[in-house]
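J.: Model the placement of chain B on the given structure of chain A, informed by the hints.
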Amino acid sequence: MSEQHLGVGYACQFLKKSIRLGEVRLEYLSGGKGPPLLYLHGLAAWNGWDTDHIALGLTNTVYAPILPGWKSGEFPPGVRRITDYATILRQLVSELGAERIDLVGHSVGGLIAAYLASEEPGLVNRLVLVDALGLDVAEAPTARLETLDEEALFHTAFSTSGAMVVAGDFGGVPINLRSGMTFRQLQRGIKSLMALTGGRPADPELVPRLAKIAAPTLVVWGEQDGVVPLRHGEIMAQRIPHARLAIIEGAGHIPQKERGQAFVRLLRNFLLDSREEVAGVRFA
Amino acid sequence: MRIYNLEELTYPGVPMNFGPEVRFTNRFCDPKVAAQTYAEHLEEWALCEELGFDGVFANEHHFTGFNIQPDCNVTAAALIQRTKRIKVGVLGNVLALRHPVAVAEAFASLDCMSNGRFMPGVVRGLPQEYISYNADTFTGRERFEEAYGIIQRCLNEEIFDHDGKHWNLTGVSIWPKPVQKPLGPFWMPAGSMESIRFAARNHIISCQVFQPTAGFKEVFDAYRQVARDEFGWEAGVEQFAGARFVHLAEDNETAMAEGEKALAYLFRVLGRPIRNPAPVPGHASDHSYDFRRDIEAKVSDDRANIGPTSDATAMRATFERMRRHGWCVAGDPDFVAKWLEEDASQAGYGNLIVSFRLGNLSHEQVLRSKRLFAQHVLPRLRKINQAPEPKPLLHATPYEVRHAEERRRERLYRDFNYLLSKDAIEVVDEIRDLAPRQITAGWLMRVPQRHIDGSPTEIIFPGPCDEHRGCAIRLRLVGVNGQPIAPQAKVKLTATDGVREETVFEGDYAAFSRIPDQHAPEAALAAQRRVVAGDGWSIALTITVPADTPEPDLEAEDSFFEVECFKQVLTVSA
Chain A
1 MSEQHLGVGY ACQFLKKSIR LGEVRLEYLS GGKGPPLLYL HGLAAWNGWD TDHIALGLTN
61 TVYAPILPGW KSGEFPPGVR RITDYATILR QLVSELGAER IDLVGHSVGG LIAAYLASEE
121 PGLVNRLVLV DALGLDVAEA PTARLETLDE EALFHTAFST SGAMVVAGDF GGVPINLRSG
181 MTFRQLQRGI KSLMALTGGR PADPELVPRL AKIAAPTLVV WGEQDGVVPL RHGEIMAQRI
241 PHARLAIIEG AGHIPQKERG QAFVRLLRNF LLDSREEVAG VRFA
Chain B
1 MRIYNLEELT YPGVPMNFGP EVRFTNRFCD PKVAAQTYAE HLEEWALCEE LGFDGVFANE
61 HHFTGFNIQP DCNVTAAALI QRTKRIKVGV LGNVLALRHP VAVAEAFASL DCMSNGRFMP
121 GVVRGLPQEY ISYNADTFTG RERFEEAYGI IQRCLNEEIF DHDGKHWNLT GVSIWPKPVQ
181 KPLGPFWMPA GSMESIRFAA RNHIISCQVF QPTAGFKEVF DAYRQVARDE FGWEAGVEQF
241 AGARFVHLAE DNETAMAEGE KALAYLFRVL GRPIRNPAPV PGHASDHSYD FRRDIEAKVS
301 DDRANIGPTS DATAMRATFE RMRRHGWCVA GDPDFVAKWL EEDASQAGYG NLIVSFRLGN
361 LSHEQVLRSK RLFAQHVLPR LRKINQAPEP KPLLHATPYE VRHAEERRRE RLYRDFNYLL
421 SKDAIEVVDE IRDLAPRQIT AGWLMRVPQR HIDGSPTEII FPGPCDEHRG CAIRLRLVGV
481 NGQPIAPQAK VKLTATDGVR EETVFEGDYA AFSRIPDQHA PEAALAAQRR VVAGDGWSIA
541 LTITVPADTP EPDLEAEDSF FEVECFKQVL TVSA
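Residue numbers (the working numbering), protein chains in the order written: chain A, 1 to 284; chain B, 1 to 574.
Bear in mind the hints are in silico, worked out from the structure with no lab data behind them.
All values reported here derive from a predicted model rather than from experimental measurement.
C-beta atoms are modelled at their ideal positions from N, C-alpha and C, and glycine is treated no differently.
Just so you know, nobody snuck in bad clues.
Residues from chain A that keep clear of chain B, each with C-beta distances beyond 12 Å, as calculated:
id, residue
1, Leu21
2, Pro36
3, Lys71
4, Glu74
5, Pro77
6, Leu123
7, Arg144
8, Gln185
9, Gly226
10, Phe283
Covered stretches of chain A (chain B as the covering partner; in silico rule of three or more C-beta atoms under 8 Å from a C-beta of chain B):
id, segment
11, 10-16
12, 45-53
13, 165-172
14, 260-269
Looking at chain A on its own, in the form it has when it is part of the complex (with noise of 0.2 Å):
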């Protein structure tokens, strides 16, 4: 057989561990095997090990922190601003003795990539921003994500109406994107937000930062995002020079879980160098 050894047993094992940098105490999810790779969260902080984390494990080994203070609300000494998390996850590079990273970073997860790989456009191998937080785009605004309620913030992050069918064991099974954790844990993750961004998630810095970044980036959009827009998405494509604009159809805010199977394999492909076509997937 000619297929490269890709199974996926390894990448299903995970564990979660601490580690001290500084002040700080970060716990991170670690699993699969391979190059390293940051996978940042957005607005909901990791909760366990999901089907993309086993998917990146298959081509990475994948180290997923969990933003110190984002779950809780009590930021360590030396957060104040998102930015500062970028400082804390150089230092988690450097401790886990990696000279180059690949790069992933979800919403305000892609707000923090962008900068630490502006900032040091060395240690970035690869990068993948997904539906990223931090333009300020005057004919597509952000979300004001602090106004909405939980009804109106549902329908703001997701393109489904509520109940989707997954692949389960035996054929298709139900799942309430609403009643998941990953839906409470947004509200939280908006708190976090307002509170290290003084309530306003754009950054005006952030355009002239992305022409720094050297590495090849993929930009990965939720066509129906109500959160962060697709403008956004075009425009750091243009921004950044070596970046190109994927748009996953019937996603919004969370790709992850509206089209996760499209979304693992367009990630895979591109840590792979693979041109394969994914289904449901456009480059702009």
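T.: Here is chain B on its own, set in the frame of chain A:
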């Protein structure tokens, strides 16, 4: 309706006093208990012939006490030995974990062992089953489809090469051939849209399990529609199979009490050595189950609450919900018959696959349940959803295609393994014989002497037969000074042991020279007789030209010959 029996072969002796957090490894497996349960199951299966079932199926799962048959071909072989008349099938081989040629070989062997009673089945496998085999889920579906194609070629073609994305194969010609022509129909579980489409394209019988009646119906309806709209055929009831656990007793209360206890055990034994923390990526697509949205919304509340519980009241409620949805049809014979009649009529399946041995039901309970089923339920179910007599499968390629084509004798014999030419080691001399009116030139070759270990060598020139017109002979010669050779020159290929001479070919040079490119397909001349040149034989290729025409220049670059033949060293020593 046709009625089959499949058993999950659940290991019965797992202790109940530990939680799901404990790794479900084989330390819980006592091989003595496994041997006993195999013996009981084989006896229960064998009883099906006497009780009037149409057939029995073996299936497989891996790394779990829920089903301790990791190789259903092994079980099927045993079932074939214990039955004489009914069909025996597998449902089926997990193609991701096996080599497709090995699957085809096993299927063909099982069909021979059963003298044509075998029912082949293929499955994609549960996502978990990929984990400890470390199989690639992302290419799982394309490998499944390619493997199926290879299996069909193995079973239906004499010999083939395969140059695919995942397998490259040369000269595959499996022994034995299956008894059924073609072997089939195939069976497979097809619940996702990709699987439905694949099954409908290949006329594979679609099986469903662990869904309520409406869930079966939705999947079978999707198949019917795809078959009609995309592949232009009407799928009848015989194209669908519904699988149900049943448990019968004389009265409903006994059946339910026994069933409930067995189901609690089943939940325990579903554990695995490695619980994947989230759905495995790559196994399905985002759209695999889109067509099920409606039905899932209707039943999702019930389904969400299906699961193990230590609370007795909750367990009873769970069991009743699962009974309602057909996870376990437990009751007296009348209840079970009515439930299954309704299920089969509504969902529209013409094959019922019943399982009796739920969880840790005892051998005696199963025998009693099975006899009640055969006596009271089976005759009633026979009357519904009857399929028309099976039609021959037109989509499969019969064996005889190649033979029929070649009767026209257009083809040369292709399966040569050796080429005699100017450069061959057999060439020992050039021939030049001047006679008064003619000149004969050519090459003298010698078959090597017997090896030191006694192995003889043969050079075989295959002659024409019904299937081909003989091995290829190519020849072009230029005369001295580049002049053309006379067309009436005589060409001869002979072999001799010094006593008798055998002629492989004899004809005019014109027959060669009129072919512009003798290497074009089928363009060469062919041997006229089969000749076997043994040890020490001489072979001569000669051309005889009239004395007043140009003499052939054997050394010239443009002069060449090729004879496609078969060189065999008969090794007699080890």
